[in-house]
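The residues making up each chain are set out below.
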Amino acid sequence: MKVKKKGKENLQHIVEIDRVVHEPARLLILSYLYVVESADFLFLLRQTNLTKGNLSSHLMRLENAGYVSIEKKFVEKIPRTLLSLTKDGRKAFHEYSQRMKKIFSELPG
Amino acid sequence: MEQQIDLKQLERKVWMSFYEDGLWDIYLGMLLMAMAVGALLSDMGAPETTLIITYGCLVGAAFVFLWLGKRFITIPRLGLVHFGPQAKARKKKASVIFAVSVLVGLIVFVMFLPTVKDSFFKILPIDLVFPAIWVANMLIVFSLAAYFLHYRRLYLIGVMFAVGVPLDILLRELTNRDLSVIAFGLPALVILVMGGVVLSRFLSRYSLGAEVTLDEG
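Residue numbers (our numbering), protein chains in the order written: chain A, 1 to 109; chain B, 110 to 326.
Honestly, I wouldn't trust all of these hints.
Computed list of lysine-lysine pairs in DSSO-like fashion (alpha-carbon distance at most 27 Å, straight line) [said to hold, decoys possible]: (1) Lys73(A) x Lys87(A); (2) Lys91(A) x Lys122(B); (3) Lys77(A) x Lys197(B); (4) Lys117(B) x Lys101(A); (5) Lys87(A) x Lys179(B).
Calculated from the structure, these hints are not laboratory results.
Pulled out of the complex, with its shape left as it was, chain A reads as follows:
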């Protein structure tokens, strides 16, 4: 009975996974932004090895979810698109990481 309840809880954890974060490319983007204060588009492009279009569309999705802030400004007279995690984005990434750890620790085998 206890095992059954635990299995149900585990399934609930899986259902509650944030799908915006869970997508591999977006998870990679969020991971990079999690370890820095901010970075520009070119930097993420180089680090993630995604294509321009792919990176761009994922960033839009993350911005729409309120996880990434996109700021366009001039740095030393050069236009730059600076990207950083919002408070919600940092929280979502942290919660996702904790949830995944829990799921994997509870999985049999």
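Put chain B on the given structure of chain A with help from the hints.
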């Protein structure tokens, strides 16, 4: 996503990517080369003012090279990043280490002032103390910086800086000639070649594209 994401490793990778341009190596090589040029001018009997001005200009040129290189070579190819608190702490530690090194340098300078030198080196042999302090200072400072900054080539650069003074003494003993220019120039050349190789690898890996913004994607 086959690999597990290790955030510490990722942060280190991001940090390291900014040392893979070889510019810091070339900068440090230029600093050591400035010492070699200073030694050469000294051998040629140049007045002290000329020595100081030349040395200042070479050090300044090295700094300008580093600054311009980061701005016009690294950032346009690798992008711009503002590091997080971990990296900032790392930079702070390295700054403290280099500040301590400068302090040691100042103490040594004071030790070699005529009034202090005469009384101090009655107890200790000058030929042994100066090289020993130099080697220890260089090895400790560069090793600590390499460790805290995760910048492994700094170990080798530290060794190259450290060998200058003992090599100078050794060459003088062996040849009875002042070969300071070789003693400092040779290690400097090793660092410069290493930096050049790293820089050329960086340039071939990251081509210079047009400015990439989100709108283009």
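A quick look at each hint next to the structure:
{"no.": "1", "hint": "Lys73(A) x Lys87(A)", "result": "21 Å, holds"}
{"no.": "2", "hint": "Lys91(A) x Lys122(B)", "result": "23 Å, holds"}
{"no.": "3", "hint": "Lys77(A) x Lys197(B)", "result": "25 Å, holds"}
{"no.": "4", "hint": "Lys117(B) x Lys101(A)", "result": "16 Å, holds"}
{"no.": "5", "hint": "Lys87(A) x Lys179(B)", "result": "30 Å, violated"}
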